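K.L.:
Protein chains in written order, with the numbering used here: chain A, 185 to 328; chain B, 73 to 379; chain C, 9 to 1014; chain D, 2 to 222.
For the record, the hints were derived by calculation from the structure and aren't laboratory data.
Do not rely on the hints blindly, as some may be mistaken.
In silico SDA-like links for lysine to any residue, alpha-carbon gap of 20 Å or less [claimed, not checked]:
#	chain 1	residue 1	chain 2	residue 2
1	D	K57	A	L313
2	C	K832	C	D866
3	D	K56	A	E277
4	C	K946	D	C72
Computed from a predicted model, the values in this text were never measured in an experiment.
One letter stands for each residue in the lines below.
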Amino acid sequence: MEQFEPTIVAFCCHYCAYTAADMAGSMRLVYPPNVKIIRVPCSGKVDTLHIMKALEKGADGVLVAGCLEGDCHFKTGNVKALQRVTYLQGYLEEIGIEAERVQMVTMSAGMGGRFARITTEFTEKIRELGPNPVNAGGSRLAAS
Amino acid sequence: MKTESVLEKVLASGELAVTGECGPPRGALPEVVQEKAAMLKGYVDAVNVTDNQTAMVRMSSFAASVFLRQMDLHPVFQMVTRDRNRLAIQGDIIGAYSHGINTMLCLSGDHPKFGDHAMAANVHDLDSLQLIQTVRGMRDEGLFQGGAEIKNPPKMFIGAAANPFADPFELRVARLAKKVKAGVDFVQTQCIYNIDKFETWMEGVRERGLHEQVYIMAGVTPMKSAGMARYMKNRVPGIDVPDEMVKRMAGVPKDKQAQEGIDICIESIERLRQIEGVSGFHIMAIEWEEKVPEIVKRAGLYPRPQV
Amino acid sequence: MPNQNNTVLVIGSGVGGMKAAMDLSEAGRDVVLIDQAASIGGLMTRLDRTFPTNNCDLCTIAPNLSENARDKHIEVLPLTQVSALQGQAGDFTATLTRAPRYIDMEKCTACGECHKAFPECVRFEPGLDHRAPTCMRYPQATPQAFSIDMEKCEDTAALVNACPAGAINPDDGERTEERQVGAVVLAIGAELFDPSGLENFGYGVYPDVVTGLEYERIMSASGPTGGELVRPSNGKPPQRVAWIQCVGSRGINREDVSYCSGVCCMYALKEAIVTKERFQDDIEATIFYMDMRTYGKDYELYYDRAKKTYGVRLERCRPHSIISDAASGQLTISYATDASSALTTEKFDMVVLSTGFRVTENACQLARVLGIELNEHNFARTQSFSPVATSRPGVYVCGVFESPKDIPETMMQASAAACLASKNLVPVAAGNGEAELPPERDVSGEEPRIGVFVCDCEQNIGGAVDVDALAAYAGKLPGVVLSQSAGHGCSREALEKIKAAIVEQNLNRVVIGGCSPRTHENLFQNTLREAGLNKYLVEMANIRDQDTWVHMNYPEMAMTKAKDLIRMAVAGVAQAQALKDNTLPMNKDVLVLGGGVSGMNAALELADQGHRVYLAEQAGHLGGMALAVRKTLEGDDVPSYMADLIEKVSQHALIEVITQAIVVDHFGMPGMYKTGFQIGPRMYYRQIEHGATVLATGATHNVPRAYSLGEHAAVTTQIELDSVIEDQPERVKDWGQLVMIQCVGSRVPENPNCSRICCQSAIKNALRALDLNPDMRVFILYRDMRTYGFSEDYYAEARRRGVIFVRYETDTPPEVTPDGDKVKIAFADPIIGRKLAVTADCLALSTGMAVNEEATEDLATIFHLNRSLDGSFLEEHIKLRPTDLSIPGFFVAGSAHAPKNIKECIAQAQAAASRVLSMLSKDTINLGATVARVDPEKCATCLVCVRACPYGVPFINEDRYSEIDPAKCHGCGTCAAECPAKAIELTRFEDAPIMARLEGLLERSA
Amino acid sequence: MITAERKPMDEIMGMIDGCGRILLVGCNECVTVCAAGGRKEVALLAAGLQMASMKKGRALDVREMTLERQCDPEYVEELAPHIDQVDAVVSMACGCGVQEVARRFKKTPVYPALNTKFMGASEGPGIWAERCQGCGDCLLGLTGGICPIARCAKRLMNGPCGGSTNGKCEIGNDVDCAWHLIWERMKELGIEDRYEDVIAAKDWRTGRGNGPRKILREDLA
């Protein structure tokens, strides 16, 4: 049984998180390839629906990455993002999906190291959680 | 005299009237009612029989009042608008009257949220004030609300509650005035611990001469413990317990606190009786009926006048 | 023919020349950019990677190269030199001489046939390769054309026929022409020292002894070995590589120069790191050095990384010689360390000589032609308070030809030179129109025809993934009609290819598999536009910064992820829509924060060039840190300079000085900002409207609690000592012993960076103290003496004059104990290996500068600016945009960026002014196309957007639906994310492309 | 506006248990405004149902539609072309909408995805509070524009009960005492005296008392 490789979507705000990701690259910091970034202007742009769709389509985990508290380039986008993530976590519980599969994180543009650390930890956490139950069912579905 | 009510007679006589309270049991246990009633007998002019108090199901006020009548006590038949629409209300009123019950207290009732039937529908077809109007209409015009004539209309001595302490305070006198306007004969106040505030209220009441239009019975409740004092202060809406009173209770050893509570109650009565417009006392010794005789005696309200 | 007085002649097309040219052209100036080489680019294009990001230079610089070539304001003349310069500032006549290329560039297709046919007529490629046919110095050469060395050609006719395009013209001759220019910018750089003359290192004798630049070429994928690190002698990979620092620099030998070249320490560290990082981690890298001079912003951290993370070995010594060991074919280095005076010998496979800068004879010749003074080292002479002005008015200098320096500082000086040069020109005519572009093709309704171009970015991407395979994979994706590898996608050549492909294949969408859209999106957007497509029909898959750089050692991971990223981009771009940018009028006023040297200089330059400037200072008066400084290292009088500067600023009609001003709020967007202040003792509120902002908020004097500073009267800082020497000479005359301790509160965990200026200050004060009292004994306890550039001469003088320099290690710092009104300093002398104790009349601590934490934190928060780890403002690009901040319209100058001396502060202040001038030269602000759009049909007028918008833009209009003014929308997308009717879309980030990307990534392979 | 909240997922899943194809219908009116049944919520629920089913290893085909109003037959008609292709309709409208859809399509079960709550107003982003119980005989004119029927826990029409503390209702600090508000408003309007006008027992016929209500406008009918 080879180890499970989760697919993780990270919605990164252009000003901080995405820049931090680039920074991690230029610092040659290694982090898991499981994390795929979708760039958004602000974490406040991340629609609960986008996160749901990511999970529905089979992502095993979703990160919403914005600027540090109080540093949002659009004032409060990261705060709103956090509220939505929290709301969504409740909804997921209702559906029977582990809330931990969605997480809001913040970092500044300079924090390449933080980006690498967070993505590594998150990937590990998701790996422990195992595949998105939706996929499990999905494959059973495909099988039948 | 508007009615045959003993309470009305005592009040009319100018004597300080005294009422007690009897909370019906949560079960078909006539003896419980009878025991409680027995303790009060001779020490009060009338006994309030509560109606699903604190929104918990109990033996109906109507039935319990009937037991009291059978013991030749004078129940103050309490009725809340929470549990009945006006059909049931009027039906119960004539029913009670036909059992010789001639004194009642009109209330809106605690919200079901506080009881063990939070899921219950919250009727409030009428509010307490409209209930007063209804009863007055039945008595004085002899008409049901629907307009039909009542054969042998119920001659009810109509009471209501008054809370001098609830907010907005400035509205409290007006609230009483409104009940008077609706036709209330007597009011029993929320239990009084903050006497200064009560006096302020009474001033307002006197300014408007309300004390001449309605009998005002001051409510008192002996506290069993410092814990109870604190609980009432912090938890019970619309009750105002001054800090010094809590301190005083807490100041004495646990085993002495009950006695302290009684003493405070009696001191209060002494102060209250000095206040112009106070026509009597409503002693709410919750689940502590046995103490009523002591209180009444030591407060010099014993013996009760025979009317 | 461009307006003569609007033209600047830029000589030298390295990064400096290009930067100056680009600043000027952005500001609507015309530029003649000449270079004696056959293509532009200069030295940087030959480097493999640059510190401290270890970026490939070409990736970083290539966009600029092609931008240059594309920019209609810039005329590029390769193979050209100046032979005369008449007239004066504002009205020069330059005589330009063009060497023959023998190729008609109009015709040349760069097919390379001539080379195949005639490999013998060669010009040597810099580096080691003896095969290169023609002088294409690097694959992205601009202009994209060969040049031929006719001397070496025997059969001209055959050569001519070899060209299918008939582009070769053997009769091409030297031509001269005259140009009217208003100013001249000298950016000719320097060459690197040729160590052939040094017998002891055997360069040119032993093939495995190479210079730093040659080593760069060996590592470079575009180099002779195609990016293979091998020993020139036997083509085998080396196991042990050594670097020898200061070869030809900081020396007293015949071949040596006395100054420090300033960059060698960093490039040696870089080469060592890259060697381990890119090739084998088990290659032993050893650097022999005298002082490790990592004094630039965050360079100290890089130094630490080399030691700690990569295990680069550092030996402090100056090796005596290299001899080749015939038997092993290895190289033996013999050296003596502090530890043992006896010679140690050690064997290496390769030795890299870190050679420094030398002014070319050509440069001296040019200086004579231009009539500018050179200093004792033949560099262009400039003054302490006028960093880029040469002795001839109207002629400015930047980069290495001014003094040895690295790329960021060259960039600053280049912008500074551009700023001063433009002062000699007529005020720029408003609204210099954009280049005329082909009409935009309407692609709406078309099925996607996507073209995918995958960059290899040399080893950066190509090193980790098989680019052709990746392109092949992309070719099969839905909607993709063309997919190919693009080499350096950002090179002019590749961009032309992409344009051609768009037209030929009738593409309507493009995906670039390359680097980060943050840095390159703009370039590719313009490319699409030039090819007649709307610029928003391109999407970049960031397979470099976010893939190959991260997974360079795991090719499979990298490849799989690259496929995912490309697939996402393809899916996303298929949904992309043509969009129009929104524009607003530009506010031409400027806000300068900070009334120190930097702030005042920036303000002055901007005001002199017609901009209204608000100069806001937190303190009650102008001046800043420099008020505490009395003399520069060169001995210039700082107070009188400051007095004069303050006078100029206060008197200037266009400058409004606002003191005791604290920034409290900030709104708006680049080109129309509003910043609120609380001013004066009564803190009244005032809002200032401005188009751009210069942050010159400075740093603070670092005052660490160490060595009983502030407790003992005899213990002081260099700054205080500076004043004591000026004001109380008699006190100094009585001193018997003066001790200085370096790096107090710098290069320590709490403040890891080097404060840069302390070594200079220490030397300065030591020399001045000795002037007053020659008999005094002066000790300087240091870790590394960092007297970079020409300040090295003063270091030498100090040694000559008997200042005793003793090195200490951080684990054995000096111990200071009070001794009456004196202090006793105990320290270990590594040379004699004994502990010494000195009782000093004065102990001067080199405490350097610290980030003004409070100020920078507040401002960073209010302006939403990024900060470096040390808390200073983080520049947009550490190498190429050292003065721009992450938010457009914000620029940084002086020690708010990093510790600097006064001269360097002035340079960056003028640079900031130049960047502002470029930005404000436009009359309109481009707001981009990322705005929220409401679909009236869907809108339920629920007010969610009205309440959610951080800027209160949406409103319900008369037609009963939410309206969002694109001119006011900041494009954050919060409203779109919250709209319960899904009636709002944020253009460029609509749901469709986002969902499509998810689809692309997550399509179930079941 | 009519407010509503999504039912718990389990309940919804229970209703559609055994359905292979459902039509999930939103409404662009009130329930959109109160973030319960607009396009966004429809999409969210669709995704949620999908995931819940797939998790169970079941296939579920969810079609999303959002009507301008589910309480008007003309709009409801837009469902007609799709109705035969689905096993059930799940409506995210208020009770009115659900019933309108059910009335139109007799053969297809129509399930409510929302619990219709009350007629209320928005007290700020994400907050809605009850304001009206549709008694059919508005007495706001007498009570300073604040409805004691909808906003007093005991529907008291003649003043605050004894439980009113610091302007809050005895049932909880998060609930304003309607009569406190009324009194404050009356003072602002300078009509304190009107407080003592007794409001007589209400005639509930205009409300639910008379059974289901109907409005008929002859001129429009």
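K.L.:
Hint by hint, say whether it matches the structure.
P.N.:
Each hint tested on the structure:
{"no.": "1", "hint": "D/K57 / A/L313", "result": "18 Å, holds"}
{"no.": "2", "hint": "C/K832 / C/D866", "result": "42 Å, violated"}
{"no.": "3", "hint": "D/K56 / A/E277", "result": "13 Å, holds"}
{"no.": "4", "hint": "C/K946 / D/C72", "result": "17 Å, holds"}
In this structure, only the earlier hint numbered 2 is contradicted, and the remaining ones agree with it.
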